[in-house]
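Peer 1: Protein chains in written order, with numbering that gives the first Met the number 0: chain A, 0 to 482; chain B, 0 to 311; chain C, 0 to 219.
A hint or two may mislead.
[Unchecked claim] Using 16 Å as the maximum straight-line C-alpha spacing, the simulated EDC-like pairs for lysine to aspartate or glutamate come out as follows:
(1) A:Lys145 x C:Asp127
(2) C:Lys88 x C:Glu204
(3) A:Lys145 x C:Glu4
(4) C:Lys149 x C:Glu207
(5) A:Lys207 x C:Asp127
(6) C:Lys149 x C:Glu60
(7) C:Lys88 x C:Asp210
(8) B:Lys283 x B:Asp165
(9) C:Lys149 x C:Asp210
(10) C:Lys29 x B:Glu291
What the hints contain is simulated information worked out from the structure, not anything from laboratory work.
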Amino acid sequence: MTLWLPLLFPLAGALLVLACKSPRAATRVAFGAGIAEVLLLGACAVRLYASGVLEQGRYLRADGLTLFFLLNLTLIFTAVLVYSAGYLRHVPEGRFSSPRWFYALLFLFLFTMLAAYLSANLGVLWIAIEATTLASTLLVGFYNTKGAVEAGWKYLIVCTVGIAFALFGTIALYLAAVRGGVPAGNALDWTALMAAAPGMSAARDLLKLSFVFVAVGYGTKIGFVPMHSWLPDAHAEAPAPISAMLSAALLNCALYAVLRLEAITSHAIGSSFSHTLLAFGCLSLLTAVFLMIVQRDLKRLLAYSSIEHMGIVAIGVGIGGPLGLFGALLHTFNHSLAKTLLFFTTGKVRDTFSTLRIDRIRGMGRVLPYTSAILIVGGIALAGLPPFGLFVSELAILTSAFSGCHYLLAALMLVALTIGFGALFYQFQRMLSGESHMPRSGKKILATEAGAIGACGLCLLILGLYIPPVFTSMLHNAMAVLQ
Amino acid sequence: MTRALDVLQFLVLVGTAPLLSGIIGQVKARIQNRRGASVLRPYAELWKLFRKEDLIPPTASPLFRLCPVILWAATLAAAAFVPVLDTSSLLGNRGDIILLVYLLALGRFFLVQGAMDGGSSFGGMGASREAMVSTLTEAPLLLGLIAVAIVSHGTSVASIVQWTADRRLFELSSAHAFACVALVMVTIAETGRVPIDNPSTHLELTMIHEAMVLEYSGPSLALIEWASAIKLNLMLALLVALFAPWGIATSVSLPALVIAACAFLLKMTLLAVALAALESSVAKLRMYLVPEYLGMACALSVLAVVFTAFKR
Amino acid sequence: MGLVEFAAAKTLASSAVFLFITVLLIAAAKRTATCIALFAVQCAVITAQIVAMAFLHRSAEAFAVAAMVLLVKVIAIPYALLRILRRLKVSPAVTASTTPGQSVFIVAALMLLAFAVVQPYARAFALDSEMLAAATAIVLTGGFLMVSRKRALMQVIGLLVLENGIFLAALTTTFGMPFVIEMGIFFDLLVCVLLMGVFVFRIRETFEHVDVSRLRRLRG
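One chain only, chain A, in its complex shape (with noise of 0.2 Å):
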């Protein structure tokens, strides 16, 4: 029952709010059935945390590893859930695009990832990644405008075409795993492969396949560059925190699923064939800091900015190691939460200056001070500065470079996070200086905005000055599961 409540209760709360009549009405019964889920995803989280793994019929379970991701993805959705009360007061009327079917397709979306995390299936892993696909397109073309219909039907075919090689990969470590003795039903169950893996070590090659196609498979869906098309649009056109939700919990989720299946083959043929991984991580970083230098719309920034960071986190596994994975897993939680942060302050600087092309904004540190403060924050927090969070999980990584003997790579990353950090600075500097005739904005800040970027910034800065003990031993856990 532990498992199957908060799985199943986002249906039951999207069913709700469809049924309710007025856009008021669905926010307020979405704000409540959001927080009840809160409620029943960190009372499964304690219980998680105190057994360590918990197991639900054929398809279910927890460990160590979905307890961090699920941790993750609370919060996450905590703050979104918190924004969106107040942001969708300015959605245009559509045939989609109510607040009802808003919050319906977040439950659906959050239903979703929430079947992968609790996956004991690769199947079902797959089933679901690709239900988050479908679960998320009309929340990204959720405007109708001719940018976001684009942006969704791009999203739709690239990610689609994506997950079906993630499929191949996956039917070829099953074809590999039958091979090896593994009887036909429980050839796609997580804990029979990890046992079964060293066994496996005489079908290399096929493994081998596997790897690569569902790297190229999950990684469209992480942002991997070339697979990346579908990213900064995407991203760009959504709501903002629908971007926030892709960018923090949607890559989170399909790089869980690479993760769990590059356990399998690192314990089959051994971690030196994590090579794809580096190569993915050092092509997204490269290319995104360098497109960075040259985009001209904020969110899409913030979208390869996304990238760049899921390169450092790709690095990180790919290098392996205590170190490494240490930092990979950190740096995709502190990721999550600057990007939730920098997302939405977007919408306060759209409805401000209804564009978010870079250069229209001027003068914005005038304009609209504390937002800016918190985009400064966000900013350095992104860049990877002390005293947040990104900070430390970068710094792990390169020290796991560097111990590793991999010095190209750790030059590599340092000057691509040398290039990412001017750029992001020299994108806001833009922003924030310069005359603008606008007046400083009357508008205040909502409690609810105020709230989600507080919690957000304030868990950032305790991540980067003083890594909590239950924390580091849920990344512990998290870390034993995948060695």
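With chain A fixed as given, assemble chains B and C onto it according to the hints.
Peer 2: Frame of chain A, contents of chains B and C only:
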């Protein structure tokens, strides 16, 4: 005994060629809701033409009268290769499929020469178009036949037919399927049927084969018309023999021969009806699309050849 | 049962040919409705294959999977696509960046590539190389269709053909995966097609055309 049988097969092919054209014309007429000319009409045509005078353009050389004869002779020789009732044919052991293809090419070459020799502009136009089509059909035709030959381990038509007749339908491979489709497409192009060339058109600018024979009359025209009918007959019979030879007589006995004759008639009628239906339902391709059509046939025949390597 | 088993074995042996032919025909097709019909034919061939396998291995699960494929991929999805096509009211032609002749050439080359690529794996795992090559060829053709066809609906068809190829690869190598997983995959595919239908209409409403090669506002 086999000799007599082979001569009989040869005479059947040559003699029933106009009948085949007649059947196709009749079926097309019925599809178009007309009564149409009788199926024996082409015979009457030939008879009429043989009794008429041969008019020669003043600018023509002696080659002009020679070309129809060479065309007819080459087509006859090619017809002597195709097995109809049993697996051997009149000239079957003197050459193989490559000789067959190039006998047809020889005939076509001389037809083109004759057309250009006639001195009219339509003749030249038809000749150039025919040259383009024949250049493009040579590759798929040869490759398709070679693919079938590779699979059946021999290049003589008789050995291919024998090999295929020994197998059942389901044991034919993808190479056969592709070769069949390619050869069907090439047959339509070689024999000048819709969608490559409309044999019953009267618009000169759309003609390929008809434009070449505009200057011919009398017995020369009769020979050309008969040769093109024989060509259609022999190509269809070749398709039947290569890809659906079941029913063919493996021993020289009366019951086997009767069965073979009935099977042959049935298959040829089916093919004639199919061809007539195709001609009535598809529009003729524009000239610049003909290379694309033949390119597709070429791709299929290349696939057929490559697939013979994979099925081993 | 001898006749049935004979028929099943022969179906399995010759289905690769039919799949190759449908692949070539889709490349050469000039109308979108023809492509949808050919996709349905392809799925019907795959259904026949699954039924043949079910007879040969005496597996009731495989019959259920065959019924699902028939229902979802042969009937439901093509019907949905044809309805979308009719309601879109665009010209029936397939606007593509390659002519039918060029497409057939490219697809033939892709088929040869598929054969070449599959050989080492088929040898190593004692699989039927022709079926595996057919699956790979279908995947590559699906990709080619998505890239070369300009209309949104043709991209959807290309995607469906690609997924068909992957499903066929799963079928050839492993006789299918556990039933629940297969059900989930089919359900996903159905929802995907419906969603794409919704989006095609949205594209038409906002852009006044369905030519995805002209969706180039978001770049860089």
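Peer 1: Compare the structure with each hint and give your call.
Peer 2: Hints and how they fare:
For the hint pairing Lys145 (chain A) with Asp127 (chain C), the CA-to-CA distance comes to about 47 Å; that exceeds 16 Å, so the pair is violated. At most 16 Å may separate the alpha-carbon atoms for a hinted pair to count; Lys88 (chain C) and Glu204 (chain C) meet this at roughly 13 Å. About 56 Å separates the Cα atoms of Lys145 (chain A) and Glu4 (chain C), which puts this hinted pair outside 16 Å; it is violated. Our distance criterion of 16 Å between C-alpha atoms is met by Lys149 (chain C) and Glu207 (chain C), whose separation comes to about 15 Å.
Of the supplied pair hints, the one linking Lys207 (chain A) and Asp127 (chain C) is violated, its CA atoms being roughly 21 Å apart against a limit of 16 Å. A distance of roughly 39 Å separates the Cα atoms of Lys149 (chain C) and Glu60 (chain C); the hinted pair therefore is violated under the 16 Å criterion. Proposed proximity of Lys88 (chain C) and Asp210 (chain C) is supported: the alpha carbons are some 13 Å apart, at most 16 Å. Distance hint between Lys283 (chain B) and Asp165 (chain B) is unfulfilled; the C-alpha atoms sit about 38 Å from each other, more than 16 Å.
A hinted pair counts as satisfied when its Cα atoms are at most 16 Å apart, and Lys149 (chain C) with Asp210 (chain C) qualifies at roughly 5 Å. With a CA separation close to 13 Å, the supplied pair Lys29 (chain C) and Glu291 (chain B) stays within the 16 Å bound.
The structure fails hints 1, 3, 5, 6, 8 (numbered hints given earlier, in ascending order).
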